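Enquirer: Using the sequences and the accompanying hints, generate a full structural model.
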Amino acid sequence: MTKRTSAALRLVNAPWLKPLIFLLLIVVMWDLAIRLFKIPPYQIPAPKDVVVTLWEEWPMLLREAWPTMVATMWGFLLSAAFGIPVAMMIAGSRTIESYVYPLLVFSQSIPKIAIAPLFVVWFGFGMLPKVLCAFLLGFFPVVVSAVQGFKSVEPDMMDLARSMEANRWQIFRMVSLPHAMPSIFAGLKVSITLAVVGAVVGEFVGSNYGIGFVLQRSIGNFELPTMFAALVVLALIGVILFWVLDVIERLAIPWHASQRHDIFMAA
Amino acid sequence: MKQATLRTVTDARAPSGSARSTRPVIEIKGVSKTYKTQDGEVPSLKPLDFDIHDGEFLVVVGPSGCGKSTLLKLIAGLLPPSEGEIRVDGRVVKSPHRDVGIVFQSALLLPWRRVLENVMMPVEVKGLPIGEYRNRALALLKMVGLDGFEKKYPWQLSGGMQQRAAICRALVHDPKIVLMDEPFGALDAMTRERMNVELQRIQRETGKTVLLITHSIPEAVFLADRVLVMSARPGQIDAIYDVTLPRPRSLDVMADPRFVELTQVIRRHFNDPKID
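Listed in order, the protein sequences are those of chains A and B.
Here the first sequence is numbered in this note's numbering, starting from -14 and rising by one per residue.
Here the second sequence is numbered in this note's numbering, starting from 60 and rising by one per residue.
Since the hints were made in silico from the structure, they are not lab data.
Covered by chain B, per the in silico footprint, the following chain A stretches (three or more residues, Cβ under 8 Å):
1. 148 to 155
2. 234 to 241
Computed spacing ranges between beta-carbons, pair by pair:
3. Arg260/B - Arg235/A: 40 to 46 Å
4. Ser154/B - Met74/A: 22 to 28 Å
5. Ile81/A - Arg292/B: 31 to 37 Å
6. Gly266/B - Ser83/A: 47 to 53 Å
7. Asp247/B - Ala18/A: 53 to 59 Å
8. Arg306/B - Tyr84/A: 57 to 63 Å
9. Asp247/B - Ile225/A: 45 to 51 Å
10. Arg260/B - Ser78/A: 41 to 47 Å
Please read all numbers here as calculations on a predicted model, not as lab measurements.
Glycine is no exception: its CB is placed at the ideal position from the N, C-alpha and C atoms.
Expert: Structure representation (structure tokens):
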């Protein structure tokens, strides 16, 4: 008997259950609001219609989700591949920092969405402008977090490593890089969600396939249920990629994840 | 004051009564340090002259900002002196060198390394033979009572245990001198006293030359062969006291009249309202 109650208790305490309950609550309120305020379906579709569309259009949505996902992944990988070395250079050299960092921050004040059409002019309607869009959005958070991670090594720790006669490379490999890993992963997690946005923006301005294209087409045709279904798919892409990254983080820096887990348990 | 031998700066180089050897391991000759900041030059240490003998336990006490930590970094070769020279074992210190192990106020163990891996870090960095020093690391961990914790991560250890592991790391490559910058400053009072007894034992067993910096006068008198009192900014030597209390000392020694008297004498240096 106790075994069964403990299993039930574990189910009640499962971390995915509470957000799910909340989500259901939102959907119910959505449905109620439509009925109460008599909102016409061309403004907000009923949840049921969205679910039906999701079900019926699933093969099409999946097919269109794939290029969006590919563009997101490439954009994200480029962000990581460029962002982390740039952060290393900025953190490693005052000179490089003084030249590059202010410009990098300044470049962030340019709305990247405004540049997206430019990419279409330059690179046409293919995959490349979408990837670049995703990269442009995902790049900055990686750099900022990684710089902060590399720079937050305690000065005493640096002195300690130097007193062991460690050279720059050894200090980087044994101290700075592992120390920066949690911050780098935090930046990557922000980056991957922004890369999804970037890919969709890229599809808005210049593409005839992908979820972004589906979104735009369905709005143009007043197919609101399809548009909402596309939004759900988009959210799923974001969640799945985030989750994959989380798993990789746990594998890459188990010492950090376990520590965090312990704090979570204690709290 | 009659019982605790008091000596002044001028005869600091005279052989110390309680030190086991009079051979100087650390020689500090006319060393001063001035930091260059935006507001101009800030003197941190006035020229210092003193020796530390082989196997000696020297404790430096002084108010905050008297350049104690600077002195430690100079000896470790982490900072160049502005004037004068420092010799360790006869060789002039120009950069970080092999003969030093450091313990800071916080244990500074790397959280991604297990305890043994943390202790082995200097061995890895210096490219010393792993197998041989691994045994030494294990023996050191056993000596400080951490046997059975080799495979634990630092966060699984208490503060006192972490600091013991840090001491092992400072000793693993068998350096001549161990420099300690307020090593027990972050521990609670009871752990701190226990660690003092422990450190005394470790120093006696390994025969290392130790330079320890502290704010605690009782800690200084309890541990030291000699106590070096520094005055505030820019730092200079106020006095050097021999501590002739017999070793090994237990915590009971703190009730000894000689102990009490010496702590009072030293404390007077800091309560004195005179400005030099």
